[in-house]
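Asks: For what it's worth, the numbering used here labels the leading residue of the sequence shown as 443, then goes sequentially.
Bear in mind the hints are in silico, worked out from the structure with no lab data behind them.
It cannot be assumed that every hint is accurate.
Below, computed lysine-lysine pairings styled on DSS-like, alpha-carbon distance capped at 27 Å [said to hold, decoys possible]: (1) LYS672 <-> LYS600; (2) LYS599 <-> LYS672; (3) LYS776 <-> LYS757; (4) LYS709 <-> LYS662; (5) LYS645 <-> LYS704; (6) LYS709 <-> LYS645; (7) LYS599 <-> LYS563; (8) LYS670 <-> LYS600; (9) LYS645 <-> LYS599; (10) LYS709 <-> LYS727; (11) LYS757 <-> LYS814; (12) LYS580 <-> LYS599; (13) LYS600 <-> LYS563; (14) LYS672 <-> LYS709; (15) LYS704 <-> LYS672; (16) LYS563 <-> LYS580; (17) LYS600 <-> LYS580; (18) LYS662 <-> LYS599; (19) LYS704 <-> LYS757; (20) LYS645 <-> LYS662; (21) LYS662 <-> LYS672; (22) LYS645 <-> LYS580; (23) LYS809 <-> LYS757.
None of the values given here were measured: they were computed from a predicted structure.
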Amino acid sequence: RMQHIIDQITRTTFGKRSEKLNEDQLALGLDDLDVARAELEALAEQAAAAAGQKKERARREPGTARASLPAHLTRVEEVILPDETECPCCGGALHCIDSDISSRLDVIPVQYRVIVTSRPKMACRACSDGVFQAPAPKHVVPGGLPTEALIADVLVKKYADHTPFYRQAQAMRRQGIEIDRGTMCNWAGRAAAWLCRLTSRMKADLLSGARLFVDETTAKVLAPGTGKVKTGYLWAIARDDGAHGGTDPPAVAYTYMPGRGKVWAEKLLGDFAGIVQCDGYGAYKHIEAPDRRAGPGTLAFCWAHVRRGYFDDAKGGNAPVADEALRRIAGLYKIEARIRGSSPEHRLAVRQAEAAPIITDMLPWLKEMLPKLPRGSHTAEAIGYT
443 RMQHIIDQIT RTTFGKRSEK LNEDQLALGL DDLDVARAEL EALAEQAAAA AGQKKERARR
503 EPGTARASLP AHLTRVEEVI LPDETECPCC GGALHCIDSD ISSRLDVIPV QYRVIVTSRP
563 KMACRACSDG VFQAPAPKHV VPGGLPTEAL IADVLVKKYA DHTPFYRQAQ AMRRQGIEID
623 RGTMCNWAGR AAAWLCRLTS RMKADLLSGA RLFVDETTAK VLAPGTGKVK TGYLWAIARD
683 DGAHGGTDPP AVAYTYMPGR GKVWAEKLLG DFAGIVQCDG YGAYKHIEAP DRRAGPGTLA
743 FCWAHVRRGY FDDAKGGNAP VADEALRRIA GLYKIEARIR GSSPEHRLAV RQAEAAPIIT
803 DMLPWLKEML PKLPRGSHTA EAIGYT
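Hey, can you work out the whole structure from these sequences and the hints?
Replies: Structural data, given as structure tokens:
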């Protein structure tokens with residue numbers, strides 16, 4: 443058992459988190475190979491050009507068709523005319539009979555500019571009844587240097603592209619703009635104060651729906667004054683009913699909480715009384731309490747979390763009980779894959795006819811297997827969780 447715990451911690455810490463192969467991770471290992479191949483092709487083309495030969499371009503491999511360029515991009519046309527302007531035979535003027543057209547993707551490197559805003563003071567020459575001036579527009583940083591577009595660009599680079607503030611400051615410095623990371627931190631904090639209106643509206647919209655997916659994960663947070671970090675939690679509430687015929691737009695909202703106890707789950711979900719899909723964590727049990735102000739909700743537990751417990755055992759081999767549990771759960775997954783996107787009524791009918799018998803047979807089988815396993819074994823824990 444101790445060895446199993448060590449293996450599980452090692453896989454969680456250093457291994458991939460998902461049971462599926464990440465396509466991006468696979469592509470990362472092939473990038474160097476593709477770069478080297480492209481370099482060799484370019485060198486061969488250069489050598490052929492130097493020798494006065496016309497080298498045929500390599501054919502594209504299947505599945506590597508040239509990407510289509512989005513229609514919303516600005517098109518800049520350039521025409522390359524031949525050196526000859528007259529016919530060498532008769533001296534007549536040349537005219538266009540056809541044209542070869544190619545499209546290439548171009549980029550304008552980032553250009554910083556200064557927005558100069560002028561608010562004229564207007565007065566009447568005939569009388570002195572007052573001076574009129576347009577009010578100053580509101581900004582995220584009142585009286586500050588950045589426009590909202592610049593703040594948005596800084597935030598996207600920081601939180602979407604993972605470019606730290608100090609590296610952004612270095613990039614600006616190359617263009618002679620001196621802005622330190624502390625100033626950018628101030629911009630980010632002020633932007634967060636404005637964006638919280640949007641996130642609050644998103645949460646309110648999610649909590650007004652019929653069902654939600656809820657989960658929480660750890661997040662390392664600085665503990666000022668201690669020189670250490672503490673563990674906080676990011677709670678996510680999500681909705682995506684597109685695969686099930688739903689019309690509500692998909693959405694996800696994250697909320698930071700200092701803990702993961704029942705009090706934080708209650709604060710997150712408030713009076714939501716719909717269906718909550720979650721793992722088996724006890725903090726969500728209050729959803730079904732009959733004395734809730736909005737009435738009891740419904741818990742729909744997640745089979746992916748159940749499957750994970752058996753997957754850890756089966757991966758090590760020689761785990762027949764875990765293998766059998768995975769086989770039975772796979773039967774449920776096949777049913778769901780077949781009815782995905784159909785109407786709720788159809789899915790319910792198929793589940794009652796095909797999935798319900800699988801689950802009904804699973805419970806007595808698990809109860810039969812549990813006494814045959816060592817009490818402290820991981821498979822026994824997985825059965826208890828199920």
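Asks: List in ascending order the numbers of the hints, as given earlier, that are violated by the structure.
Replies: 7, 13, 19
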